[in-house]
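Colleague: Sequence:
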Amino acid sequence: METNEYIRTLSVDIGGSGIKVIVLDTAGNPQTERARVETPQPAKPETVISAIAQLAVGCEFDRVSVGFPGVVRSGVTQTAVNLDSEWIGFDLGTALSQRLGKPVRVVNDADMQGLGAISRQGVELVVTLGTGFGSALFVDGKLVPNLEMGHHEFRKGETYEQQLGRAALEDVGVKKWNTRLEKAIASLQHLFNYDYLYLGGGEAKKVTLELPSNVKIIPNMSGLLGGIALWRE
Numbered sequence: 001m002e003t004n005e006y007i008r009t010l011s012v013d014i015g016g017s018g019i020k021v022i023v024l025d026t027a028g029n030p031q032t033e034r035a036r037v038e039t040p041q042p043a044k045p046e047t048v049i050s051a052i053a054q055l056a057v058g059c060e061f062d063r064v065s066v067g068f069p070g071v072v073r074s075g076v077t078q079t080a081v082n083l084d085s086e087w088i089g090f091d092l093g094t095a096l097s098q099r100l101g102k103p104v105r106v107v108n109d110a111d112m113q114g115l116g117a118i119s120r121q122g123v124e125l126v127v128t129l130g131t132g133f134g135s136a137l138f139v140d141g142k143l144v145p146n147l148e149m150g151h152h153e154f155r156k157g158e159t160y161e162q163q164l165g166r167a168a169l170e171d172v173g174v175k176k177w178n179t180r181l182e183k184a185i186a187s188l189q190h191l192f193n194y195d196y197l198y199l200g201g202g203e204a205k206k207v208t209l210e211l212p213s214n215v216k217i218i219p220n221m222s223g224l225l226g227g228i229a230l231w232r233e
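Read in order, the letters of the sequence shown are residues 1 to 233 in the working numbering.
In case anyone wonders, no lab produced these hints; they're calculated from the structure.
Cβ atoms here follow ideal geometry from the backbone N, Cα and C, with glycine treated the same way.
Misleading hints may appear alongside valid ones.
[Unchecked claim] Capping the alpha-carbon separation at 25 Å, the derived lysine-lysine pairs in DSS-like fashion look like this:
1. Lys183 x Lys205
2. Lys142 x Lys156
3. Lys206 x Lys176
4. Lys205 x Lys20
[Claimed, not checked] The following label-pair restraints were derived from C-beta to C-beta distances:
5. Val76 x Ile7: 35 to 45 Å
6. Gly89 x Thr208: 32 to 42 Å
7. Gly101 x Lys156: 42 to 52 Å
8. Leu191 x Ile7: 31 to 41 Å
9. Arg73 x Tyr6: 43 to 53 Å
Could you put together the complete structure from these sequences and hints?
Modeller: Right, here's the structure in full:
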């Protein structure tokens with residue numbers, strides 16, 4: 001159990017369109033403003049790590065938490081559909097730790113967003129609506145690791161990500177996208193029988209439909225605030 005209130009965590013959220021960082025104290029209170037840069041294109045490991053290092057300049061921190069848009073096992077990124085193929089099998093935890101000189105923990109970005117938002121009671125599902133479609137499932141606060149629901153078939157022979165990712169939103173418009181999202185929420189309720197569903201990510205602000213009472217929108221900041229929980233688990 002942690003007692004040192006002066007331990008500071010650099011929390012990093014890597015997205016398909018933007019990379020965000022903030023420094024948090026042990027209680028999860030922001031110690032700096034949130035800083036953001038556009039995700040470099042092509043989004044290769046070296047350029048993304050350089051962007052994080054640049055954002056960290058001038059920040060004082062003791063450890064690093066990273067949310068990454070793909071499957072992560074022991075700090076190694078296994079998938080990266082919305083970044084670059086060089087991420088497959090890349091040891092981000094070790095590479096970033098060497099670059100910043102601090103211990104690093106890496107998880108899926110939806111997992112980190114969930115850790116910053118959930119109540120830790122019952123079955124809780126987190127969906128992030130951004131460049132892609134992220135997902136995380138928790139049972140009484142315990143993470144069910146590596147749930148990549150975005151690439152599973154949803155409807156009309158297409159996946160959740162193909163129907164609800166940013167490209168689909170731009171293609172079909174906000175109204176039709178919300179109609180699809182409503183169907184997805186009903187589908188996920190039947191699939192997981194969750195107690196709560198949390199909708200996050202950059203496109204959650206485009207949600208206009210009336211949500212069921214057990215579904216709520218969480219602020220983008222949750223993805224960064226979840227960085228503290230990585231060191232509590």
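Colleague: Looking back at the hints listed earlier, which ones does the structure fail to meet?
Modeller: 2, 5 and 9
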